[in-house]
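Chains A and B are the protein sequences, given in the same order.
Residue 29 is where the first sequence starts when you use the numbering used here, and the numbers rise one by one after that.
Residue 437 is where the second sequence starts when you use the numbering used here, and the numbers rise one by one after that.
By construction, these hints were calculated from the structure, which means they are not laboratory data.
Please note: incorrect hints may appear among the correct ones.
[Said to hold, decoys possible] Derived CB-CB ranges, DEER-like: (1) E683(B) <-> A118(A): 37 to 45 Å; (2) P674(B) <-> K256(A): 47 to 55 Å; (3) P60(A) <-> A802(B): 47 to 55 Å; (4) G229(A) <-> K813(B): 57 to 65 Å; (5) A886(B) <-> K256(A): 56 to 64 Å.
C-beta atoms are modelled at their ideal positions from N, C-alpha and C, and glycine is treated no differently.
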Amino acid sequence: MAHSSSPAALDALRRQVRALETEDRVTRAVLPFGVPPLDARLPGGGLALGSLHEVAGGAEEALYGATAARFAAGILARAQGEVLWCRRQADLFAPSLAQAGLPPERVIFADASDEAGVLAAMEEGLRWPGLAGVVGEVGKLTMTASRRLQLAAEKSGQIAIAVRRWRRVADAADLGQPTAAQTRWRVSTLPSSPLPVPGVGRPRWFLELLRCRAGDAFDIELEACDAKGHLRLPAPLANRPAGPHAGQERAVA
Amino acid sequence: MQGKSAPSPETPIVMVGRIGRRRAIAHMNLAAAKAGLHLGQAVAHATALVPDLLLHDLDIDGDASALRRLALWAQRLYSPTVAADPPDGLVIDATGCAHLFGGEEKMLIDIRRRLETVGLTAKVAIADSWGGAHALARYTLRPIFVVPAGGLGRELTGLPVAALRLPPELVLALAKPGFDTIGELEATAKGPLAHRFGMEPIRRLDQAFGREREPIEPVFAPETLRVAKIFAEPIGAPETMARYLAELTVELCAALEAASLGAKAIDAWFYRVDNRIESARIGLSTPARDARRLAKLLCEKLETVDPGFGVDKMVLAAPSAEPLAYKQDDAQIAGSAVRAAADLSGLIDTLVARLGPQSVYRLTSADSDIPERSVRKAPAIDRPAGFSWPVDWPRPTRFFPHPEPIETVALLPDQPPASFTWRGMRRRVRRADGPERVFGEWWKADAELARSRDYFQVEDDTGERYWIYRDGDGEDPSSGSQRWFMAGVFG
Chain A
29 MAHSSSPAAL DALRRQVRAL ETEDRVTRAV LPFGVPPLDA RLPGGGLALG
79 SLHEVAGGAE EALYGATAAR FAAGILARAQ GEVLWCRRQA DLFAPSLAQA
129 GLPPERVIFA DASDEAGVLA AMEEGLRWPG LAGVVGEVGK LTMTASRRLQ
179 LAAEKSGQIA IAVRRWRRVA DAADLGQPTA AQTRWRVSTL PSSPLPVPGV
229 GRPRWFLELL RCRAGDAFDI ELEACDAKGH LRLPAPLANR PAGPHAGQER
279 AVA
Chain B
437 MQGKSAPSPE TPIVMVGRIG RRRAIAHMNL AAAKAGLHLG QAVAHATALV
487 PDLLLHDLDI DGDASALRRL ALWAQRLYSP TVAADPPDGL VIDATGCAHL
537 FGGEEKMLID IRRRLETVGL TAKVAIADSW GGAHALARYT LRPIFVVPAG
587 GLGRELTGLP VAALRLPPEL VLALAKPGFD TIGELEATAK GPLAHRFGME
637 PIRRLDQAFG REREPIEPVF APETLRVAKI FAEPIGAPET MARYLAELTV
687 ELCAALEAAS LGAKAIDAWF YRVDNRIESA RIGLSTPARD ARRLAKLLCE
737 KLETVDPGFG VDKMVLAAPS AEPLAYKQDD AQIAGSAVRA AADLSGLIDT
787 LVARLGPQSV YRLTSADSDI PERSVRKAPA IDRPAGFSWP VDWPRPTRFF
837 PHPEPIETVA LLPDQPPASF TWRGMRRRVR RADGPERVFG EWWKADAELA
887 RSRDYFQVED DTGERYWIYR DGDGEDPSSG SQRWFMAGVF G
C-alpha cells in the first residue's frame with residue numbers, strides 16, 4: 029500500500045479541519061495574562077475568548093474553590109463588560125471580589141437550586157451578547173454539558189469559566205474526566221511572598237495548566253492577582269528591584 | 437369616611453338597604469350587633485332600640501366598584517386571576533403563587549397586613565376550591581385559615597348551610613326539614629334533595645367540595661391592554677400553544693407600541709375546555725415591548741400550564757405598563773465596534789423567570805463595618821455606583837455565613853493563635869496579620885454596646901490562608917465570649 033500523504037497535504041488538511049471547527053466562532057481573539065512566560069505557552073498568546081475554561085483548586089481548595097474563584101475573577105476583571113456569576117452556594121464574599129477588580133456594578137449573581145440550574149443559567153448568560161463572561165460554580169461537568177457551554181461561548185465570544193468545586197476532596201478526581209473545555213487549570217496555594225516584617229505577604233499560587241487544546245500542559249509559580257486582576261512573577265524570577273548603586277548611600281562614622 | 441370624621445369603632449353603625457318596600461338593616465358593625473340588632477331588622481325598630489345609631493344608605497354600585505378596584509389591586513400583587521366575590525369578598529386563584537411569598541400562610545398574612553394598612557379588617561382562607569375558601573373565610577372565627585390540600589371535607593362539615601352561597605330563601609327552606617350544617621346536607625341522598633329543592637344546593641355542594649370546577653373569571657382594568665384569541669378547535673400540544681402565544685404577543689406588542697407603552701408585567705390566561713382557567717405571569721425589570729423576547733419568556737412559563745383536554749381561548753394582557761418612547765440604537769450608528777454599556781434587562785428577565793426574583797441580584801455595600809452586615813442584595817437591573825468596602829484590609833474570597841468555632845493555642849491575648857484546629861485538622865500558623873478590630877453597632881441593639889471582634893488573617897504551612905476572629909477583645913469579658921471562630925478562606 030502506497031502512502032501518498034506528504035507533510036504539505038497534511039498541513040492543508042489540518043488547516044481545513046481548523047477552519048471547519050472555528051466556523052461558528054465570532055472571535056479568535058485572546059485575553060493575555062500579561063505575564064510573558066505564561067502567555068508564550070498558550071496558543072494565540074493568551075486565554076482564548078469565546079471558549080470554556082475550567083478552573084479548580086488544589087488539595088482542600090477543591091472544597092472551597094477560593095483560589096479558583098479569585099483566579100476567575102482576576103481574568104474577568106481584565107475583560108470588558110459585566111459578569112454573570114452562577115452558583116448554588118452563596119458564600120462568595122462580594123468585598124473580596126471588589127478587591128480582585130470586580131466591583132458591584134460589574135457582577136450579577138444568579139443562585140440556582142441545583143447544578144443543572146447553574147449550567148442552564150450559564151448557558152443563558154453565554155447566549156447574551158454584551159457580557160464579559162460567565163462564571164459557574166459546578167462540581168460535575170459532563171461532556172455534553174461542557175460542549176453546550178463551549179458552543180454557546182463560541183457564538184457570543186464570551187469567556188466561560190467553570191469553577192469546579194466538590195463536596196468532598198475525594199470527588200476532585202472528577203477533574204480527570206474529559207470535557208469540551210479549551211483549557212483546564214488548577215490553582216494551589218503556596219506560602220505567600222516573604223515580607224521584611226512579620227505579616228502575610230502577597231499570596232502565591234502554583235498554577236498548573238493541566239490540559240490545553242492545541243497547547244501543552246505546564247506549571248508555573250506566580251503571585252496571585254491584584255486589585256486589577258493582574259498576575260505577577262515572583263520577584264526572584266523576574267527582574268529584581270534595582271539594588272543600591274555605589275555612591276548612592278553614604279555613611280558617617 | 438376617613439380621617440378625623442370617621443366614627444370610633446364603638447359607635448354602632450348600620451347600612452340601610454331595602455327588602456321589598458321596607459327599609460331594613462343590610463350590614464352592621466360589631467358594636468351594632470352587640471347592641472342587640474340583627475340583619476333584616478326594620479330601621480324604625482332599630483333606631484328605637486339604639487338611639488345613637490348611625491345610619492348610612494347602602495350604595496350598591498359604589499360598593500361594587502370599590503370591590504373591583506380592590507380586585508385589581510390584588511391582581512397586581514398576588515395572582516393574575518383575581519375576581520370580585522360580591523358583596524363583600526375577593527377570590528384569588530393562588531395556584532402556583534404562594535411560593536413567591538414564602539408559603540401559603542405567609543401569603544395570607546401578607547394579604548391581611550396590607551389590607552390592614554388601609555384600614556380594612558380582612559378574614560382570609562385558602563382551600564382547594566373557591567366555595568370552600570369562601571365558606572371558611574366567612575363562617576369561621578380564625579382570621580387566617582390554611583386548609584392543607586385534601587383536608588377541605590373535614591373542615592366544611594361543621595359549617596352552616598348559609599356558607600354555601602345559597603340564596604337566603606333557600607337557606608330558610610332547607611332549615612325547615614332540619615338541614616343546619618353542610619355535613620348534614622352532604623350526608624343526605626342527592627336524588628330526593630334535588631327533587632325537593634332543585635339543583636342549586638347540589639351544585640353549590642359540589643363546588644364547595646371541589647367536585648365541580650368553578651372558573652374564576654379574572655377582572656380587567658378598562659385601561660389594561662389585552663388581546664385574545666378563540667380557537668375553533670381546542671389546542672393542547674406544547675408547540676401549538678407556543679406558536680399562538682407568540683402570535684398573541686406580537687399583537688399585544690403592536691398595541692403597546694401604538695400607545696407608546698412598555699409592559700412591566702404580562703399575564704396570560706388559558707381557558708380550558710373543562711371550564712378551568714390556567715394562568716401564567718412574567719415580570720420585566722424594565723418596560724419592554726420586544727415581541728420576540730417577551731414571547732420567549734412567556735413560552736418558558738408554558739411548562740407550568742396544564743392544558744388538560746385542550747385550551748379554547750387565550751388571553752394576554754399587560755396589567756402594568758409604563759411609557760416607553762422610541763430609543764435610537766447607538767450600535768447602529770457607531771457600528772458594532774463600539775460596545776456601549778450593554779442592555780442586560782433581557783437576560784435578567786429570563787433568569788428571573790427561571791430562578792425566581794430572589795435569586796438574581798447584585799451585591800452591594802451596606803453601611804456597616806461588621807463583615808456579615810456589610811453586604812446587601814440590590815436589584816440586578818440597578819448599577820450601584822462605587823462601594824464602601826475596605827480596599828486595603830484583607831477580605832476572604834469565601835465567607836462562611838455561619839462562623840465555625842475553632843480550637844486555638846494562643847501565646848498572648850493580643851496576638852494571633854500559634855495554631856488552631858478546624859474541621860478536625862490542626863494547622864500551624866506560620867504568618868499572621870491583624871488584628872482588625874470591629875466594634876458592635878450599639879445603635880442597632882443594646883447588647884452590642886460593649887462588643888468587639890478581632891479579625892486576623894493567618895497562613896498555615898501549605899500557604900492556605902484563613903480569616904479567623906476572636907469574639908471579644910481578649911481581656912474584657914463583656915466584649916464577647918473570647919472564643920475563636922473561622923470566618924472565611926482566602927483565595
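**Prompt:** Should the hint that A886(B) and K256(A) are 56 to 64 Å apart at their CB atoms be regarded as holding?
**Reply:** violated, 40 Å
**CB-CB spacing for A802(B) and P60(A) relative to the 47 to 55 Å hint** = violated, 36 Å
**Request:** Go ahead and decide if the range 37 to 45 Å is satisfied by the Cβ distance of E683(B) to A118(A).
**Result:** holds, 40 Å
**Message:** A range of 47 to 55 Å was offered for this pair. Does it hold for the Cβ distance of P674(B) and K256(A)?
**Reply:** holds, 48 Å
**Distance restraint hint 57 to 65 Å, applied to the beta-carbon atoms of G229(A) and K813(B)** = Violated, at about 34 Å.
In the structure shown, a violation is registered for the earlier hints numbered 3, 4 and 5, in ascending order.
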